[in-house]
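Respectively, the protein sequence lines represent chains A, B, C and D. So for the first sequence, our numbering puts the first residue at 11; every next one is plus one. So for the second sequence, our numbering puts the first residue at 11; every next one is plus one. So for the third sequence, our numbering puts the first residue at 11; every next one is plus one. So for the fourth sequence, our numbering puts the first residue at 11; every next one is plus one.
Hints should not be assumed to be uniformly reliable.
Copies of one chain are not kept apart here, so a pair can be met inside one copy or by any two copies together.
Stated by the list, open to error - Distance condition first, Cα-Cα at most 25 Å in a straight line; then the derived DMTMM-like pairs of lysine to aspartate or glutamate:
1. K131 with E56
2. K90 with D41
3. K90 with E56
4. K132 with E114
5. K90 with E124
6. K90 with E114
7. K90 with D119
8. K132 with D119
Hint data in this document are derived by calculation from the structure and do not stem from the laboratory.
4 protein chains.
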Amino acid sequence: MVFDVVISTGSNVPIYRQIVDQVRHAIASGDLAVGDQLPSVRVLAERLLVNHNTVAKAFNELVRDGVLESRHGLGAFVAKRRNVFSTAERRRRLDAAITTLTSEALLLDFSHEELLEAVAKKLNGFPKEKRKA
Amino acid sequence: MVFDVVISTGSNVPIYRQIVDQVRHAIASGDLAVGDQLPSVRVLAERLLVNHNTVAKAFNELVRDGVLESRHGLGAFVAKRRNVFSTAERRRRLDAAITTLTSEALLLDFSHEELLEAVAKKLNGFPKEKRKA
Amino acid sequence: MVFDVVISTGSNVPIYRQIVDQVRHAIASGDLAVGDQLPSVRVLAERLLVNHNTVAKAFNELVRDGVLESRHGLGAFVAKRRNVFSTAERRRRLDAAITTLTSEALLLDFSHEELLEAVAKKLNGFPKEKRKA
Amino acid sequence: MVFDVVISTGSNVPIYRQIVDQVRHAIASGDLAVGDQLPSVRVLAERLLVNHNTVAKAFNELVRDGVLESRHGLGAFVAKRRNVFSTAERRRRLDAAITTLTSEALLLDFSHEELLEAVAKKLNGFPKEKRKA
DNA sequence: GTGGTCTAGACCACG
DNA sequence: GTGGTCTAGACCACG
Numbered sequence: 011m012v013f014d015v016v017i018s019t020g021s022n023v024p025i026y027r028q029i030v031d032q033v034r035h036a037i038a039s040g041d042l043a044v045g046d047q048l049p050s051v052r053v054l055a056e057r058l059l060v061n062h063n064t065v066a067k068a069f070n071e072l073v074r075d076g077v078l079e080s081r082h083g084l085g086a087f088v089a090k091r092r093n094v095f096s097t098a099e100r101r102r103r104l105d106a107a108i109t110t111l112t113s114e115a116l117l118l119d120f121s122h123e124e125l126l127e128a129v130a131k132k133l134n135g136f137p138k139e140k141r142k143a
Numbered sequence: 011m012v013f014d015v016v017i018s019t020g021s022n023v024p025i026y027r028q029i030v031d032q033v034r035h036a037i038a039s040g041d042l043a044v045g046d047q048l049p050s051v052r053v054l055a056e057r058l059l060v061n062h063n064t065v066a067k068a069f070n071e072l073v074r075d076g077v078l079e080s081r082h083g084l085g086a087f088v089a090k091r092r093n094v095f096s097t098a099e100r101r102r103r104l105d106a107a108i109t110t111l112t113s114e115a116l117l118l119d120f121s122h123e124e125l126l127e128a129v130a131k132k133l134n135g136f137p138k139e140k141r142k143a
Numbered sequence: 011m012v013f014d015v016v017i018s019t020g021s022n023v024p025i026y027r028q029i030v031d032q033v034r035h036a037i038a039s040g041d042l043a044v045g046d047q048l049p050s051v052r053v054l055a056e057r058l059l060v061n062h063n064t065v066a067k068a069f070n071e072l073v074r075d076g077v078l079e080s081r082h083g084l085g086a087f088v089a090k091r092r093n094v095f096s097t098a099e100r101r102r103r104l105d106a107a108i109t110t111l112t113s114e115a116l117l118l119d120f121s122h123e124e125l126l127e128a129v130a131k132k133l134n135g136f137p138k139e140k141r142k143a
Numbered sequence: 011m012v013f014d015v016v017i018s019t020g021s022n023v024p025i026y027r028q029i030v031d032q033v034r035h036a037i038a039s040g041d042l043a044v045g046d047q048l049p050s051v052r053v054l055a056e057r058l059l060v061n062h063n064t065v066a067k068a069f070n071e072l073v074r075d076g077v078l079e080s081r082h083g084l085g086a087f088v089a090k091r092r093n094v095f096s097t098a099e100r101r102r103r104l105d106a107a108i109t110t111l112t113s114e115a116l117l118l119d120f121s122h123e124e125l126l127e128a129v130a131k132k133l134n135g136f137p138k139e140k141r142k143a
């Protein structure tokens, strides 16, 4: 099983957000493919030593964003990719995410070049995107 | 005075955080030099139309992190530069932030090129870092 | 105050969903305008005799859908209208909502004509939409 | 046999609910007449590739609501038509459902005309109701 | 005082 | 066994 979630309780990033981020990463990187089943809410909660509601909150957000599909009584699955957001909203979200990153990077004293290089390097670890209409 | 803070209330980023970030930026970019005096908490609060507790919270964090020095009865001044994080820790934090961004971008269906371009564009809006570490 | 929420505990519709629906209705009908402040999560929870988490869940969904904006320490406000979803997603959501309605209506033994008439009549109670690009 | 059930597993609507709805539709539209026999739970379950408990649950609800009659050792049959809800109650339920739909549609930025058209189009996909009440 | 997160634990709906 | 909802109650972050 390539899919693995690691929680850092010391972090100021909420647990449910860490879960969301890691599921998204697993999908973006190809570790989880369309149709793959995720561990059940209760099972993952037990594994991470967190409350099941916290996992449920994370899964819920992923379902609402069209990343996962949950089938009652069966579990949660990686959803078929679809375009949920408008072009403007996608831009808005990308911009917000970039702002978060650049602030962090500059506060950590990385130069523009170092940051760009690190992003490019990270992207090489991901499969090239096949864009859909 | 080159030092200028701009607050966005619509943002998800807490106001005090925005102030902290911008002071650090001003120092990193050289707009504020070691020994420079900052506006007082009250003055800055008035200028930004925010609660003075919010400004105080930002200044407190900056003093705690050794970025500013508060001299009793005189105000706050830019402190001599220190390095807070180890190289490894800086790398680790940068990597986590980049992972979150790239996953988000790819799930939003942006290509590698579009993402890099958007990051570069965002960086152009910031002052070039003059490293002193 | 035109804004009023009424909860039916006997219903099979979850409480948080009833809250979501009624806030959306209040906005769509013009009872709540852009920038209006909503009752606080705790206050509304007390008024409705439900747990504050239930109200928070409803508000959260509304924020995620771009209907409300919450400002930390201040409260929740009706957000400026923006196009969050792609055309395909809007269609998907409309279709799902219509399917729900038509099933209900036909099971209740209303004819096609009666249903269309009732929808048209309801729309007359709403302000005519000013479409934005 | 005109009676046919189609299940959509991707839908949010529970499978048992889909079965219930479609049986009621078949009766309302005249595809199934009073006294007609339905396929057995096991047979229908096999045909739909669903758990037989799911079909049983649907049939149970239909029997409970007086839509079907179960004759021991023989199977399930379409019962003589009864009216379950008062006119006022039917109106109340329809109105609630319409309010939810119209709010959703308007917040999704559909015009009155687009909504009415979409509802009409959806209805055309259904058999015309032959009222017997 | 405001919203955000989390836990512990319960009960329901579905298959 | 699976996810969904809800409560009671706690503690934190923000202004």
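Structure-based check of each hint:
no., hint, result
1, K131 with E56, "neither (32 Å within a copy, 43 Å between copies)"
2, K90 with D41, "within (15 Å within a copy, 36 Å between copies)"
3, K90 with E56, "neither (27 Å within a copy, 27 Å between copies)"
4, K132 with E114, "both (16 Å within a copy, 13 Å between copies)"
5, K90 with E124, "between (35 Å within a copy, 22 Å between copies)"
6, K90 with E114, "between (32 Å within a copy, 16 Å between copies)"
7, K90 with D119, "between (39 Å within a copy, 13 Å between copies)"
8, K132 with D119, "both (19 Å within a copy, 16 Å between copies)"
In this structure, the earlier hints numbered 1, 3 are contradicted, and the remaining ones agree with it.
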